[in-house]
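Dock chain B against chain A, hints included.
Line by line, the protein sequences are chains A and B.
Residue 115 in this note's numbering sits at position 115 of the first sequence, and the numbers go up by one each step.
Residue 256 in this note's numbering sits at position 256 of the second sequence, and the numbers go up by one each step.
Bear in mind the hints are in silico, worked out from the structure with no lab data behind them.
For every residue, glycine included, the Cβ atom is placed at its ideal position computed from N, Cα and C.
Please note that the accuracy of each hint is not assured.
Now the stretches of chain B that chain A is said to cover, found in silico as 3 or more residues with beta-carbon under 8 Å [unchecked claim]:
(1) 195 to 201
(2) 204 to 213
(3) 225 to 237
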Amino acid sequence: MENAILHLNQIEKSFGAIKVLGGIDLSVQKGEFITLLGPSGCGKTTTLRIIAGLEAPDSGKVFIAGKDVTDLEPNRRNVNTVFQNYALFPHMTVERNVGYSLRLKRVDKGVTQKTVAEALELVQLSGFEKRMPDELSGGQRQRVAIARAIVNEPAVLLLDEPLGALDLQLRRQMQIELKKLQSRLGITFVYITHDQEEALNMSDRIAVMNDGTFEQIGTPSEVYDYPKTSFVASFVGSANVIEGIVTDTDDEVTTFRNQNGQGVVMTSGATVSVGQSVRIAVRQERLHLVPLALPDGETEDPPDACLNSQREFSRSETETVTRDLLTGLEGVVKEKNFAGGTLHITVSLTDGSELVASRHGLDLSLVPGDRIRVTWSPEHAVLVDLEEEAP
Amino acid sequence: MKTAQTTERALSRKNPAVSTVMPLYIFTFLFVVGPLIYVIVLSFLKQAEVWGVLNEFTLENYSNILKPIYLMTFQESFKLAFLSTLLIALFGYPFGYFMARLSATWKRRTMILLMIPFWTSSLIRLYGWIIIFRANGVLDKLLMMLGIIDAPLKLLYTYAAIVVGMVYALVPFMIFSVYSSAEKLDWQLVEAARDLGATPFQAFWTVSFKLTLPGLLSGVVLTFIPSMGLFFIADILGGNKVVLVGNLIQEQLMKARNWPFAAALAVVLMILTSLMIALYRKVSGVKDLEGLL
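With the rest of the complex left out, here is chain A:
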């Protein structure tokens, strides 16, 4: 904590009657790329503004490089911000935008020019010095905003959804470039996004935020693979959260039943006792859908050969995976949505709740109305919401 470049201590903030931040703590190490990830309205922008000094916290302290800066004006803090809409000065050329902070500090003209040129080269905008901001594309403006913010060599660079306004392809490209830039400069980045993929791609650590508090702070794989709360599980990994009561537990496998009395299995990662209410999270792509045999007496229209063979194939494929599963949840395929490379299959369980499973490519073997059993390997289920709430 002493060597943290940025430290937030019990920051609270309300706007009128609305509590935006409920006492948050955060320590960021020098050179770290930390992302505040959360849905809009979770307080991540307010956190950033408090670090920058553009907003004052109701209580709590902000430390930058060990110094209490809570009461310092934004111009006295060694942090710079890349704003969401770039906030480039429309009446200044690219060169003057980037050199703005140096001119304020009355840095020697020649030095300013050289530093600006270097910064522009770093963001690959050499030759754009004399352009006005409205003569640039979105991606170029983005780069100018970054150059303007790093030219001052801040201890911490704050980035407020800097790629939000760019199209997908440019965003991916800029993600890589930003990450490269960060490791080259060695500046600490505090990055805000609501895009979990972006956060997972770029960050050293992710702080998942919801309702003005941090739900979990950890490395991308920690947050993704071992979510601590159901919110983290569903927001970061778009996982399904299933509730139930523990029925049996041993060293390897814990079994629990949901409200319907159906058995569910999972790895015993944490100490739980029989009779305890638990929630587990299983990611969409980890769910297996096993078609159920039709009950006797009911007849199915004979499916055509092609579809039939595919169904057989899919069954034999999933059975190898599910062989060592104890049991699962019964349900009916409700709908199939094809989104780009992924197929989302919504399953309506017998207790009325819904799960979503995802598949790559077009899976023709399941159609809405099919009765299925939802299973997963025990190691893919994670216990969530352990300390916070036991419903």
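Quick look at chain B alone, frame taken from chain A:
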């Protein structure tokens, strides 16, 4: 055949536009261009002995303007217009700037308060100032009651009264002009400036002020030009002590009945103000003054 059809279609597509724009041109010609040409022509004619003009070409009207007494009038007008505009800017700019920072409700309320006086004729509002300014008027009584002064100030019919009248009559134009450009100011730019190390004043000067400058400049144009011609303010509050170009034109036209000379004065005034607008365009780089005029 095909081309004929397309041109026909193009023409018929053009026609509605022409028919909607035409009235505008006719109106402009009848009420702006026509009278303007008439005034210019008039300024080169001779005054008739008794009434009207003689159709004889002369430059005498313009050479008359160069007489010291008339040049003094122009100088006096410029001085007053300059002083008024300066005061209007000093008062109107902060007003318009901070008005743009108010909440939506308070913006509306302030706007209504600024508009209400316009429901009354400006002449009548000026008579209101007489009640305030005259010896033992509202202002004198108030100041004496507060013990600030012992004897009436007798402000009416002084230069100061004219300046106050000018500022009062024209300051709304400055406020609205500054307000409209300050409203468009993205506050995040100010935050960005602060974030990059600017003090509040530096942020204002390098960002806010620069970006609201067009509003200030158009406010200056909107107030400077009319203040050259607002003869009735000098008449009513200045008691004819100060003669401005506007007063001179009005006198030559209505009292001396020297129409050609009045026309020449008007033309010169027009040229001077046009020069100002040209200067303004150059300074602000704003080519679009159409909305303004």
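Structure-based check of each hint:
1. Note: the segment 195 to 201 of chain B has 5 residues with beta-carbon separation from chain A under 8 Å; the three-residue rule is met and the coverage holds.
2. With a threshold of 8 Å between beta carbons, the proposed coverage of the segment 204 to 213 of chain B by chain A holds, since 4 of its residues qualify and at least three are required.
3. Counting residues of the segment 225 to 237 of chain B whose beta carbon lies closer than 8 Å to any beta carbon of chain A gives 0, which falls below the threshold of three, so the coverage claim is violated.
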